[in-house]
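According to the numbering used here, the sequence shown is numbered sequentially starting from 4.
Simulated from the structure, these hints should not be mistaken for laboratory data. Backbone N, C-alpha and C fix where the C-beta goes; we use that ideal spot for every residue, glycine too. Errors might be hidden in some of the hints.
What the hints assert, rightly or not - Within a straight-line C-alpha distance of at most 35 Å, the following computed DSBU-like cross-link-like pairs (lysine-lysine) qualify:
#1 Lys-88 <-> Lys-67
#2 Lys-16 <-> Lys-67
#3 Lys-88 <-> Lys-65
Stated by the list, open to error - Here are the in silico distance ranges between beta carbons for each label pair:
#4 Val-39 <-> Asp-77: 10 to 20 Å
#5 Ser-11 <-> Lys-65: 11 to 21 Å
#6 Pro-89 <-> Leu-33: 14 to 24 Å
#7 Asp-55 <-> Asp-77: 14 to 24 Å
#8 Ala-86 <-> Gly-56: 33 to 43 Å
#9 Lys-66 <-> Pro-29: 17 to 27 Å
#10 Asp-13 <-> Asp-55: 15 to 25 Å
#11 Ala-15 <-> Asp-77: 14 to 24 Å
#12 Ser-24 <-> Leu-87: 26 to 36 Å
#13 Arg-62 <-> Leu-33: 16 to 26 Å
#14 Leu-33 <-> Val-69: 18 to 28 Å
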Amino acid sequence: MELSRCLSRDEAKSIFDCIHSNISPPNSLLFRIIVVPNDALKLSPPAFAYEDGIYVVVRAEKKKPVEIPSNLTDLVLPDSELALKPSCQWSISGPQNSRSHRM
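When you get a sec, could you build the whole thing from the sequences and use the hints?
Put into structure tokens, the structure is as follows:
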């Protein structure tokens with residue numbers, strides 16, 4: 004099993020720039036958006052086996068729909084596509100240490 008590389012600070016900044024400015028990401032930075040139901044208890048993607056890649060997980064505020072920037076709607080993984088993914092019993096999270104940087 005090969006582990007994915009770490010997301011660089013510049014890549015993370017570029018993703019947030021795309022979201023805040025409603026611009027499509029450069030071809031060199033592909034990511035997908037997963038919308039988590041707003042009634043979920045935590046911000047976590049559904050437990051499916053995902054392909055390698057970058058995923059932005061978003062959950063709306065209670066009783067408000069998620070507003071995806073119009074130039075990024077093609078990046079949202081639709082429920083129909085998520086339903087086809089095999090489920091996965093494992094979960095892993097990224098580094099969580101005091102040296103993490105806030106963006």
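Okay, the hints, checked on the actual structure:
1. This hinted pair checks out: Lys-88 and Lys-67 have alpha carbons roughly 27 Å apart, not beyond 35 Å.
2. Taking the CA atoms of Lys-16 and Lys-67, the gap is about 26 Å. The hint holds against a cut of 35 Å.
3. About 27 Å separates the Cα atoms of Lys-88 and Lys-65, which keeps this hinted pair within 35 Å; it holds.
4. At about 19 Å, the CB distance of Val-39 to Asp-77 agrees with the hint of 10 to 20 Å.
5. Restraint check, Ser-11 to Lys-65: a C-beta distance of roughly 33 Å breaks the suggested window 11 to 21 Å.
6. Range check, Pro-89 to Leu-33: Cβ separation about 22 Å, and the 14 to 24 Å hint holds.
7. For Asp-55 and Asp-77, the Cβ-Cβ distance of about 19 Å falls inside the hinted range of 14 to 24 Å, so the restraint holds.
8. Our hint of 33 to 43 Å for Ala-86 and Gly-56 is violated, since their Cβ atoms are close to 18 Å apart.
9. A hinted range of 17 to 27 Å for the beta carbons of Lys-66 and Pro-29 is inconsistent with their spacing of about 35 Å.
10. Between Asp-13 and Asp-55, the C-beta spacing of about 19 Å keeps the proposed range 15 to 25 Å intact.
11. Our hint of 14 to 24 Å for Ala-15 and Asp-77 holds, since their Cβ atoms are close to 21 Å apart.
12. The given range of 26 to 36 Å is respected by Ser-24 and Leu-87, whose C-beta atoms sit roughly 32 Å from each other.
13. Between Arg-62 and Leu-33 the CB atoms are about 22 Å apart, so this pair conforms to the stated range of 16 to 26 Å.
14. For the hinted restraint 18 to 28 Å between Leu-33 and Val-69, the CB-CB distance of approximately 20 Å keeps it satisfied.
Figure legend: structure checked against the earlier numbered hints; hints not met, in rising order: 5, 8, 9.
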